Every structure is written in C-alpha cells, then in structure tokens.
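Asks: Given next are the chains, with one letter for each unit.
There are 2 protein chains.
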Amino acid sequence: MITLITLKNVPPFAQGLVRDLRARWALEEAGIAYETRLLAPGEHKAAEHVALQPFGQVPVLQDGDLTLFESGAIVLHVAGKSEALLPADAAGRARAAAWVFAALNSVEPFIQPLTEIDLFNAGEEWAKLRRPAAEERLKARLGQLAARLEGRDWLEDRFTAGDLMMATVLRIPRHTELVTGHAVLGPYLARCEARPAFARALAGHMAAHVAAA
Amino acid sequence: MITLITLKNVPPFAQGLVRDLRARWALEEAGIAYETRLLAPGEHKAAEHVALQPFGQVPVLQDGDLTLFESGAIVLHVAGKSEALLPADAAGRARAAAWVFAALNSVEPFIQPLTEIDLFNAGEEWAKLRRPAAEERLKARLGQLAARLEGRDWLEDRFTAGDLMMATVLRIPRHTELVTGHAVLGPYLARCEARPAFARALAGHMAAHVAAA
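Which chain is which? The protein sequence lines are A and B, in order.
Numbering follows this note's numbering, in which position 100 of the first sequence is assigned residue number 100; successive positions increment by one, without gaps.
Numbering follows this note's numbering, in which position 37 of the second sequence is assigned residue number 37; successive positions increment by one, without gaps.
Don't read these hints as lab results, they were simulated from the structure.
Wrong hints could be hidden among the right ones.
Identical chains share a label here; the pair holds if one copy fits it or two copies do between them.
Claimed, not checked - No farther apart than 27 Å at their CA atoms in a straight line, the calculated lysine-lysine pairs in the DSSO-like style are these:
no., residue 1, residue 2
1, K45, K8
2, K81, K139
3, K45, K128
4, K139, K45
5, K139, K128
6, K8, K128
7, K81, K128
8, K81, K45
A quick note: this is a predicted structure, and the numbers were derived from the prediction, not measured.
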C-alpha cells in the first residue's frame with residue numbers, strides 16, 4: 001500500500017500548488033490506489049516528520065519499506081510503475097526525466113523570484129526595485145519553453161511525467177497572466193489540466209488542504 | 001561513444017562551477033570514456049544548439065541516438081550504468097534520486113538568491129536591502145542539511161549520485177564560508193572532493209574552460 005503524507009490545512013495562496021498535487025496526479029495517471037496521512041499545523045517541523053523529510057517539507061511517499069521525499073523523485077518512482085507516464089524504451093524514459101528536471105531546475109528557478117516578490121514581499125522596497133528584472137527574466141525563459149512547444153501537444157511525442165511536472169510548475173505564477181495569457185503556454189497548460197487524472201488529483205488535494213481546522 | 005557538449009571559454013567566476021562538471025564526475029566515477037565537444041563563445045545560443053538544448057544551456061550528453069539535457073537527468077542516466085553511483089536495489093536507487101532532486105530543488109534554490117546578489121548585483125540598492133534575509137534563509141537550509149549529515153559520511157549509507165550532485169551544489173557559494181567554514185558541511189564537501197574521480201573531472205573541466213580563446 002502507498003501512503004502519501006502531506007499537510008492538512010494550508011492558506012489559500014498555497015491551495016492547488018502544494019507539491020503533493022504532483023504525486024497525486026502521477027498516482028492517478030498510473031491508476032495506483034493510495035491513502036493519505038495529513039499533518040496537523042506545525043507537525044511538518046516535528047522531529048518525527050523531519051526523520052522522513054530532512055527539510056520538513058511535503059510530500060513524503062511511503063511505498064512498502066521505501067520512504068521517499070522530493071516530488072521529482074516521487075513522480076519518477078511512480079512513473080516507473082506505469083507506461084501511462086513513461087515510454088517503455090530507455091531513451092524515451094531518459095528524455096521524460098530530462099523534462100522533469102527542466103521543470104524543476106530550469107523553469108521553476110525563474111518563477112520563484114517573482115512569486116517571492118509578489119506573494120511574500122510585495123510592500124518591500126527591494127521587491128519594487130527588483131520586480132521588473134525578475135519578470136523580464138521569467139518572460140524570456142517562458143519564451144524558450146514556448147519555442148519548444150510550438151506546434152506540439154506535449155514536450156515529447158506523447159504525454160509523459162515531464163509534462164505533468166512542467167504543468168505543475170507553470171501553475172505557480174497563477175497570480176499573473178504570464179502563462180495563462182500566453183499563446184502557446186496557456187493552451188499547453190489547459191491541455192495538461194484537462195486530463196481526467198489531473199481533475200481527480202486536484203479534487204483530492206483541495207479536499208485535504210481546505211479541510212476545516 | 002558518449003559525447004559531452006559544453007562551453008569552451010567561461011569567465012573565472014564560473015570556472016569550476018559549470019554544470020558539465022557534474023556529468024564529467026559521474027562519467028569518471030562510472031569509468032566510462034567520453035569525448036567532449038566545446039562550443040565557441042555565443043554558439044550555445046545558436047539554433048543548432050537550441051535544437052539539442054531548448055534553453056541554450058550546457059551540458060548536453062549524446063549517448064548513441066539519445067540526446068539528453070539537464071545535468072540531473074544526465075547524472076541519473078550515467079549513474080544507471082554503474083553501481084559506483086547507485087546501489088543495485090530499487091529502493092536504494094530511488095533514495096539516491098531523491099537526494100539528486102533535493103540538491104537541485106531544495107538546496108540550490110536557497111543558494112541562487114545569494115549568488116545572484118553577490119556575483120551579479122552587488123552594487124544594486126535592492127541587493128543590499130535583500131542580502132541579509134537571503135543569507136539567513138540559506139543558513140537555515142544548510143542547517144537542515146547538516147542535521148542530516150551529522151555523524152554520517154554520506155547522505156545515505158554509501159556514496160551515491162546524490163552526494164555527487166549535492167557536492168556540486170555546495171560548491172556554488174564558494175565566495176563565502178557558509179559551506180567551507182561549516183563544521184559538518186565543510187568536511188562533507190571536502191570528503192566528496194577528495195574522490196579521485198572528482199579530481200579527474202575537475203581537471204578536464206578546467207582544461208576546457210580555461211582554454212585560451
């Protein structure tokens with residue numbers, strides 16, 4: 001049995017973005033049943049959880065004796081169980097993994113500075129001074145991604161774990177129209193989010209995170 | 001035959017940090033021969049390279065018909081060829097992958113804001129205002145990593161690709177003593193860098209990047 005550990009209550013700005021969504025989506029695509037264990041407020045910083053997740057973060061996936069953290073590793077682990085998320089051939093699997101890493105290490109690092117400014121430091125002087133450059137850098141990076149996606153439905157020739165991860169990263173700047181208003185990336189994200197497995201994952205995610213305290 | 005594509009000349013601040021070092025180190029640990037193709041200045045932005053690497057970055061690894069980008073994906077691909085970098089059991093492999101992702105997505109994002117300030121924006125007003133918070137956040141994150149490493153030689157019970165990736169990330173803030181002066185992380189990084197395969201990788205890396213124009 002697979003158990004997914006995540007937070008119970010999260011504030012509205014994080015609902016729909018907490019990284020357990022990635023794990024839920026992968027599990028739904030693969031058709032693998034799982035149960036959840038929801039951490040009460042503050043519990044993610046307790047020694048018992050830090051023993052499972054060294055940075056006090058979520059999600060954690062328990063699969064039999066294996067305890068796994070980092071949403072990227074969890075998605076690749078789940079993806080390895082099902083051709084719904086990865087092609088059968090080794091080269092196709094390596095390419096999908098490349099896109100998982102690209103989402104997390106070549107796209108998200110350009111989103112993070114903008115969300116850090118807009119969501120957590122909007123009133124700060126440094127944030128006002130820095131915001132134009134942060135937005136320009138993100139636009140340029142999104143443009144590179146869009147160039148790859150132009151004329152394609154997916155990052156490779158079929159949906160893979162790479163698209164799953166990229167979509168969850170592209171959801172992050174939802175307080176702007178940089179993605180949703182983009183001629184290529186907007187439809188790409190909508191295509192990813194239209195998958196039935198995404199809808200089931202999001203429903204489970206929201207049900208957990210919006211639960212009354 | 002494996003070909004590693006990277007930059008020829010890079011400025012001193014980047015020498016020893018360009019991400020081809022990760023791929024070289026993995027190949028050296030695995031004992032796999034490779035050749036390199038060095039891009040002349042500006043060539044990484046040309047259409048021919050962007051067709052291989054959508055973000056115009058390095059490294060790219062070519063392994064037969066497979067063209068692979070993202071240093072994380074390259075390291076895991078090479079690691080899959082050799083028990084020098086990954087245990088034989090599936091659970092041990094998943095745990096090592098978790099640390100590769102942790103290095104790139106849970107540690108590097110805390111280093112990046114500080115290097116962006118110190119290396120590229122030191123004279124800017126916003127950078128002066130933001131630096132104290134950026135340093136505090138990085139120290140806290142390094143403290144969590146150190147708590148995991150205290151009393152251990154490696155992140156798991158043996159050296160894996162996870163240590164390789166973590167070490168290359170911990171090298172980045174080398175303009176400070178946040179890592180090298182740390183009671184736990186300093187010796188850990190030194191332990192990683194003392195591996196003969198790292199020395200061979202760094203020598204090849206420097207020879208390429210410091211080549212006269």
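Asks: Cα distance capped at 27 Å. Does K81 pair with K139 within a copy, between copies, both, or neither?
Replies: neither (35 Å within a copy, 37 Å between copies)
Asks: If the cutoff is 27 Å on CA atoms, where do K139 and K128 land: within, between, both or neither? Let me know, please.
Replies: both (18 Å within a copy, 25 Å between copies)
Asks: At most 27 Å between alpha carbons: which applies to K8 and K128, within, between, both or neither?
Replies: This pair counts as neither: shortest intra-copy Cα distance 33 Å, inter-copy 37 Å.
Asks: When Cα atoms must be at most 27 Å apart, do K45 and K128 count as within-copy, between-copy, both, or neither?
Replies: So K45 and K128 fail the 27 Å test inside a copy (32 Å) and across (31 Å) alike.
Asks: Within, between, both or neither: how does the pair K139, K45 come out at a Cα-Cα threshold of 27 Å?
Replies: between (35 Å within a copy, 17 Å between copies)
Asks: Treating 27 Å as the Cα threshold, decide for K81 and K128: within, between, both or neither.
Replies: For K81 and K128, the Cα distance exceeds 27 Å both inside one copy (46 Å) and across copies (48 Å).
Asks: Measure nothing new, just compare the shortest in-copy and cross-copy C-alpha distances for K81 and K45 to 27 Å and report within, between, both or neither.
Replies: Answer is neither: 31 Å inside a copy and 37 Å across each miss the 27 Å cutoff.
Asks: Is it within, between, both or neither when you check K45 against K8 at 27 Å Cα-Cα?
Replies: Answer is within; shortest intra-copy Cα gap is 14 Å, inter-copy 45 Å.
When each numbered hint is compared with the structure, violations occur for hints 2, 3, 6, 7 and 8.
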